[in-house]
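As you go down the protein sequences, you meet chains A and B in turn. Those letters in the first sequence? Residues 1 to 380, by this note's numbering. Those letters in the second sequence? Residues 1 to 308, by this note's numbering.
None of these hints come from the bench; they were simulated from the model. The C-beta atom is built at its ideal place from N, Cα and C for all residues, glycine as well. Be aware that a few hints might be false.
Distance condition first, Cα-Cα at most 20 Å in a straight line; then the derived EDC-like pairs of lysine to aspartate or glutamate [as the list claims (entries may be wrong)]: (1) A:LYS377 x B:ASP59; (2) A:LYS373 x A:GLU218; (3) A:LYS234 x B:ASP101.
Stretches of chain A that chain B covers, calculated by requiring three or more beta carbons in the stretch to come under 8 Å of a beta carbon on chain B [said to hold, decoys possible]: (4) 212-220; (5) 223-235; (6) 373-380.
Example chain B residues on the side facing chain A (calculated, C-beta under 7 Å, incomplete) [claimed, not checked]: (7) CYS53; (8) LEU55; (9) ALA57; (10) GLU75; (11) LYS78; (12) ARG79; (13) TYR83.
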Amino acid sequence: MKQRPPLSFARFWAIVLKEFVQMRRDRLTFGMIIGIPVVQLMLFGYAINGDPKHLPTAVLMADSSQYSRSLLSALKNSDYFRFVRRLNSENEAEKALARGDVQFVVTIPVDFSRKLLRGEKPTILVEADATDPSATGNAIASLRTAINSGLQNDFKGPLAFLAGSDAAVNLRVHARYNPEGISQFNIVPGLMGVVLTMTMVMITGLAITRERERGTMENLLSMPTRPLEVLLGKILPYIFVGYIQVGLILIAARFLFHVPMAGSIPLLLLTSLIFIAANLAMGITFSTLAKNQLQAVQMTFFFFLPSLLLSGFMFPFRGMPEWAQVIGEILPLTHFLRIVRGILLKGNGFSEVMLQLWQIVLFAAIVLTIGVKRYRKTLD
Amino acid sequence: MNGNIAIDVRGMTKRFGEHTVVNGIDLQMRSGEVCGFLGPNGSGKTTFIRMLCGLLAADAGEGTCLGFDVIRESEAIKRHIGYMTQRFSFYEDLSIVENLDFVARMYDVNNRRQAVQDSIERLGLAARQKQLAGELSGGWKQRLALAACLIHNPRLLLLDEPTAGVDPKARRDFWEQIHELAGQGLTFLITTHYMDEAERCDRLAYLSYGNLLTHGTAAEVIAGAGLTTWSVSGSELAELALQLRGIPGVNQAVAFGARLHVSGTSQHLLEQAIAPFRTEQHTWQQVNPGLEDVFIHLMGTSQDNYTL
Ligand SMILES: Nc1ncnc2c1ncn2[C@@H]1O[C@H](COP(=O)(O)OP(=O)(O)OP(=O)(O)O)[C@@H](O)[C@H]1O
Ligand SMILES: [Mg+2]
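Chain B extracted, bound-state conformation (with noise of 0.2 Å):
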């Protein structure tokens, strides 16, 4: 029916102990999609992650992931994803060609041989093959375990941090690849703490303490958090954050590099608090927020939201 829906889920709930770390999450994302998966740790991304691929049992939540059932056909859901874990869960005391291998075989991957030897070629290790995988540097690990998610062609990835610690140029590579596949209708969940790739998405999803808090484009995602923002630049910013922090109107007093932003969600009485601090030692300059602005914002409400 539905053949470009890769994704939707209603309710997904997780709970260890009396924890409710994943709350209600309801999820949509057509085939083809990259959609970034952001929020504070501890938020639950990495458990609803484990959830979609039935590695976790969830508590309550209904819904199809690639057209089948998420809660009862787990198996056949397995069979068409690629999971890369946060943590490096391939074999260390296997090679590179030997981790490759043990994952085509157990897809049961058609042509394996090719398949695996493609793969690392494409990979550009074709050198270091025989090498042990509990060797390799953290980065080239990251780029081994994406290889190995992708060798049985699966039609949805999940990659769980899958840039973390890697260097910028792979890390640009490894994302002009995630858009050539998703061109041939790969879909991706991508979780990521780094805003150049969140910005490189083309959905957003940020979770906090367990609450699905927005989800859209980036443009969408930074209209709905209605914010305005004016960048400080100047000596002593430091001191001006300090002083900005707490007075009413100021949600928040962040630094940008050099550049200090002030944000807040009316417009108006954030303009009435700053402008006693609009002095000849600073230059103010109001501008469109950014996605780490609104991000930031969204950290904070959620943990009022929290301690509530």
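Next comes chain A alone, as it looks inside the complex (with noise of 0.2 Å):
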């Protein structure tokens, strides 16, 4: 009996060939396959900065002499301080970082020139909102030795004997909102967004394409129904998936990771209802847009991986380069993680929680209408 060959050339080639053919016609896989290498590369290689700087600072200067301004001047020298706003009143401080308008706060005390005049090593505090670990360390880490470098051009004839050491001036550091610096009390929360961006999006993603790959839809669109009616008809049922993924994450935030939990879960929970529902209608959208279900899919990774990388979730927020600062701006779970973090960590309440909110409301609003523009009534 003669040995059949394992593999037949010509057979192999064959399918070779279809496969390139295939390729070639699904435009859409074929841009994922450079598309997603260039937006890693780009991420990874140019967004990504572990160790923000420019960071927006407010300043409570309630003492004005030329060592105050010494003092802000070394910070800003530092690279990771920009001075964005003076403030009047330590309330007015609370609201700042509580709005994440600031990452720091610093407090120069009234008596700053008199008492280092003196030598009595006046206090400057910096109240850094320390919700995301990482965007803050190095900057406080740079603290000590910016303010000493910064002053030791003023310690001079009467004040030479301020100069050389070390301890001139007291700082304070509060670390607030996680003043451990636990990173889980900033991912865990954060990791409630980024489940719901990742499977809402595809569940509902795949709604329509699966319609349209079953045959289904040409009964459906037999019948007399709008666009609004489908789309809203199935991002709702998924409505309820989002909520039992918010509740697991939440338990486990309590029970397994001991997030403190500031702020009111009931807002909490109303925000996350707006969240879900922007991303079904992202999900909703996508699948008018796409021609068969796998589409949906790639569609949904190209939304999720900006979503991930871009929202503050994995890398600070802050460290990223303004470019990417804006995409992050349009996607919503760069405001829902605020929200997150905000209620839970600093126990934000509704006004704080507006300021972000309402743009995941507009998101949302539009999306939506692009799908129903998109949604094709009939079945060319």
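Could you use the hints to bring the two separately framed chains together as a complex?
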């Protein structure tokens, strides 16, 4: 008996050619093959900065002496701090931190120069929004050196006795919201948004394409129904799925990771509803754009990747270059992360949450409008 | 106005790219009529039906369907028609009762539960109503689909090969049901490839490569073709058919069971052509051409037109 070769080259080659033809026809897959590595290179190569600089800082300056000014310019020269605002009260400082407007508040006390001149070691207070410890760690570490070297120039003449000493001023750092710098406190609540983004977009992304592929679309379209009915009808059931995920993560956060829950849980659940709906709207819109289920999955990833990388989940938001932040600001996950961390860690209330929430609502509305417009009422 | 006109469309045209798959079709149907829609595969039957119910946008054409503008008022049309797709298009992952219930909800049927139960009883599926539609045999899927199309009491039914794969008994029941409903004033447009079904229709329309070749009652269609047909019996008919084909005057020589039907458009030429073959070996007999002779003839001519 003749031994048959394990592989027919002709058949193999036929398949290779066929696959190439199919790949060429499927523009989107082809685009993804190119697009994903490009996006990843850009993100990991350029966008990601584990050592964020120029962090927005507010100053509460009760003493406006030459020494105070030297101190501020020393901080500025360290490159970690960018002064964006002067505050007038402790209350304002509190608000600015809670809303996330600034990362740091530097407080220079009234008697700063007097005490300095007397060698009484005045205290500089630096409050940091330490929700994400990796965003503030390096800046805080640099404080001591920056202050000392900044003041050295002023320690001349009568103040020469202070020169060289390390302890001309007291530095007090308050790492707010997450004083121990436990990164889980930052990551676990964030994970809620990430998981929702991934699954919600994917689930609904398949919704319309599945109908098309199984041929049930023809039947559905022959019935008297409007696009919005179909789209919203497919969104609603998954809101429950989303809530199950939210519940699971909250339970894990509470009992496994002991994440503090400073704010209102009902408020968190309400904002989750809007966030879930926004992601479902995104998914359903992908579904109207995609020709088949595979394309829908690919689109999901194309949305998920920047969400993951540019929202401030993986890397400190302020460590990203401007263009990446601009993209990040569009994504619902970015705002949801701020909301979740704000509510759980900072104890933020409705007014702080609204600052982020309306942007998610806007996103959902725009995306759903595109979906309704793109939903084909015919089979063409 | 025309309460008894169900469909009145003119010049319906659909192109896919460069191909015109439905080419300026006119069709009129009265309420209560059962119209058989015939034509070879790919002739545009499904495409035409999809345009009627607004599933495909027509590239040209105008008219009314159930009194609604066929181009602009497809929403209204959809409410009053039942469309049974050629390929089973209900949800295979829903049970029979869930599918029917879904349809009934979509059409906002009054007394929904009752309507669904009635429909299941009529189907004879009461015992299996919880079974997933995907698990049904092909024929049962067809029957489920038909039941689902009827649940909202449509006035016009567009049935795309509703009996494909259905057993003879069920097909007989199906046609009885159709005539009963037609008696109540429902209008049917039914595509089929079966001749016996074509004969049961009040009127026929024959489509080929997007063109409406003929329409009318079965008798009109047959008369319109102007065929003369001879039926031959005896031995070695296949051999005979081979010899006959291609002789001028013989348009077609087709096996019908144990007989051979030889047809031509000119009686004179046909008789000349067959004269040498009328030997002792075979019995020749002139017969009235049937629908199948006519349709096979139509298929042949339209192909000629296409290649010209
Ligand atoms: N979406 C489409 N895109 C391109 N061509 C199409 C499309 N749908 C149908 N066609 C073409 O239109 C022609 C008519 O198709 P249609 O399905 O209407 O035929 P049919 O008469 O229903 O055939 P059958 O008896 O096989 O069901 C065919 O040539 C088909 O290839
Ligand atoms: Mg068809």
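Checklist entry - Does the structure break any of the earlier hints, and which numbers would those be? => result none
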